[in-house]
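A.B. asks: Residue-level listing of the chains:
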Amino acid sequence: MRRTRRRPPAVLLAPGVLALALLVLPLLALLLRAPWSALPRLLREPAVGEALRLSLGTAAVATGLCVLLGVPLAWLLARADLPGRAVVRALVTVPLVLPPVVGGVALLLLLGRRGVVGRPLEALTGLTLPFTPAAVVLAETFVALPFLVLAVEGALRGADRRYEEVAATLGGTRWHVFRTVTLPLVAPGVAAGAVLSFARALGEFGATITFAGSFPGRTQTMPLAIYLALETDPEAAIALSLVLLLVSVAVLAGLRERWTAVR
Amino acid sequence: MTRGRTVTRRRAAAVVVVAAVAALTGCAADEPAGARLVVLAAASLTDVLPPIAEQFERTHPGTQVVLSFGGSAGLAQSVAAGAPADVLAVASPAALQVVLDSGDSVGEPVVFARNSLEIAVPTGNPGAVTGLADFARDDLDLAVCAAQVPCGAAAASAFTVARVDPRPDTLEQDVRAVLTKVRTGEVDAGLVYATDVRAAGDDVEGVTLPPAQRVPADYPAVALSGGASPDLAADLVAALLGADAQRELAAAGFLPPL
Chain A
37 MRRTRRRPPA VLLAPGVLAL ALLVLPLLAL LLRAPWSALP RLLREPAVGE ALRLSLGTAA
97 VATGLCVLLG VPLAWLLARA DLPGRAVVRA LVTVPLVLPP VVGGVALLLL LGRRGVVGRP
157 LEALTGLTLP FTPAAVVLAE TFVALPFLVL AVEGALRGAD RRYEEVAATL GGTRWHVFRT
217 VTLPLVAPGV AAGAVLSFAR ALGEFGATIT FAGSFPGRTQ TMPLAIYLAL ETDPEAAIAL
277 SLVLLLVSVA VLAGLRERWT AVR
Chain B
537 MTRGRTVTRR RAAAVVVVAA VAALTGCAAD EPAGARLVVL AAASLTDVLP PIAEQFERTH
597 PGTQVVLSFG GSAGLAQSVA AGAPADVLAV ASPAALQVVL DSGDSVGEPV VFARNSLEIA
657 VPTGNPGAVT GLADFARDDL DLAVCAAQVP CGAAAASAFT VARVDPRPDT LEQDVRAVLT
717 KVRTGEVDAG LVYATDVRAA GDDVEGVTLP PAQRVPADYP AVALSGGASP DLAADLVAAL
777 LGADAQRELA AAGFLPPL
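Chains A and B are the protein sequences, given in the same order. Residue numbers 37 to 299, in the numbering used here, belong to the letters of the first sequence in order. Residue numbers 537 to 794, in the numbering used here, belong to the letters of the second sequence in order.
I should point out that these hints are in silico values taken from the structure, not numbers from a laboratory. Accuracy of the hints is not assured; some may be wrong.
As the list claims (entries may be wrong) - Just the calculated beta-carbon pair ranges, DEER-fashion:
1) 52/A - 618/B: 24 to 32 angstroms
2) 157/A - 666/B: 45 to 53 angstroms
3) 215/A - 664/B: 49 to 57 angstroms
4) 666/B - 89/A: 53 to 61 angstroms
5) 783/B - 129/A: 26 to 34 angstroms
Stated by the list, open to error - Residues from chain B that keep clear of chain A, each with C-beta distances beyond 12 angstroms, as calculated:
6) 602
7) 608
8) 620
9) 644
10) 678
11) 683
12) 698
13) 779
Just so it is clear, CB atoms sit at the ideal spot from N, CA and C, and this is done for glycine as well.
Construct the complete structure from the given sequences, taking the supplied hints into account.
C.D. replies: Laid out in structure tokens, this is it:
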């Protein structure tokens with residue numbers, strides 16, 4: 037099956053190696069410069085645990101929201117007779133290419149205290165979103181949702197529709213077929229999308245700091261804590277970065293079947 | 537035919553690569569020394585430095601002053617980490633220490649202005665804020681600088697003096713971020729510098745503090761050794777104390793150095 041190995045052409049080898057170096061060397065520097073001896077002390081700081089708990093918690097809730105809302109949207113895109121499907125898909129993709137800080141400004145204009153929806157919301161219920169963990173979750177969901185929708189839509193398109201058709205001819209309602217046939221079929225796609233969403237939510241910075249502000253234990257997630265620590269205590273920033281790197285590697289391990297496996 | 541096109545494409549690709557490399561590495565290399573002065577400055581200087589820089593460009597023909605603003609602590613850290621800049625102007629002597637320690641400065645820092653704290657509220661003062669005591673109220677949304685930046689350190693001193701245990705909702709990375717939260721009406725009050733209240737014009741109102749709570753802050757500037765022209769940088773630092781610059785600073789609400 038496999039052809040005999042041949043030396044790759046230098047034209048491809050050189051930029052390829054350079055690309056790999058560009059991706060790997062910064063992380064290597066992070067490990068080299070890590071204040072290993074001070075690490076246990078730095079990581080025991082209550083502020084670190086606080087930021088990590090907040091980050092994992094909000095990212096988990098955001099991922100849950102993504103699955104809850106994103107799977108139905110993906111199904112609509114892949115299976116329903118949606119008018120203007122191409123436009124809808126393009127709209128779903130926008131947050132993916134939009135700078136997150138722009139997303140934060142947009143969320144503020146919609147849900148801030150003077151926002152299009154935020155102002156009547158406060159007038160009616162007295163609730164305001166900015167500066168709450170809910171705002172963090174919302175910002176993270178905004179940036180992470182497209183990852184899930186696109187992953188699940190791809191899985192739905194790749195799934196064999198004959199199973200669903202057979203189930204339908206046997207008298208299953210569309211909801212029953214979706215629940216018992218479609219969902220199990222695309223479960224790996226949903227899982228991969230969820231992991232990607234979680235990773236994206238965990239790294240969210242721009243939309244969060246713009247829309248949710250920054251307060252320890254409430255809205256100051258790991259990336260925000262790292263950025264702030266860099267102002268005065270670079271060692272603490274490196275320690276926090278290591279924790280986030282570790283979590284990211286764990287996420288990658290969760291994806292290994294998909295991305296690191298040799299096909 | 538085909539061959540010719542390939543060659544043309546290759547040539548085009550080579551031109552793009554060369555242009556990109558030149559753009560990345562060339563920059564100011566060909567310009568005469570001292571043509572470009574990079575000034576990193578505290579966020580609270582955002583509105584007052586541009587006219588001062590223009591004055592300097594007029595009195596030093598051929599010189600271009602490039603300004604970049606941010607949180608003082610972050611700017612000082614980036615200079616200590618090797619950011620290429622000629623002058624650093626920050627909102628507290630403490631923030632400058634890391635640059636003095638790392639040996640990236642030339643000559644002594646010069647205090648060129650002072651500032652004091654003031655409460656900024658959205659126009660109409662929806663939260664009916666009258667003083668620092670209101671920062672302990674849970675029913676208000678409040679913004680303060682993070683303790684790591686000078687305005688946050690000053691705020692902490694002010695709250696100590698006023699014996700107030702503040703309950704802020706967000707700790708911002710620089711004073712202009714606090715001002716923005718007030719301007720957009722997302723918070724009922726923010727603790728900023730008196731000059732920020734003035735710079736925001738009609739968007740915000742100021743609530744002045746009793747003198748003991750104003751926590752006057754010194755603004756030092758220093759020439760940096762990493763810059764292309766330390767002499768010109770020293771000139772700019774000296775110019776900050778000149779009559780023209782002091783007039784601009786006073787007009788923006790800054791106090792003269794002691």
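A.B. asks: So, for every hint listed, does it hold in this structure?
C.D. replies: Hints versus structure:
| no. | hint | verdict |
| --- | --- | --- |
| 1 | 52/A - 618/B: 24 to 32 angstroms | 29 angstroms, holds |
| 2 | 157/A - 666/B: 45 to 53 angstroms | 28 angstroms, violated |
| 3 | 215/A - 664/B: 49 to 57 angstroms | 54 angstroms, holds |
| 4 | 666/B - 89/A: 53 to 61 angstroms | 37 angstroms, violated |
| 5 | 783/B - 129/A: 26 to 34 angstroms | 53 angstroms, violated |
| 6 | 602 | 22 angstroms, holds |
| 7 | 608 | 9 angstroms, violated |
| 8 | 620 | 18 angstroms, holds |
| 9 | 644 | 23 angstroms, holds |
| 10 | 678 | 9 angstroms, violated |
| 11 | 683 | 9 angstroms, violated |
| 12 | 698 | 21 angstroms, holds |
| 13 | 779 | 34 angstroms, holds |
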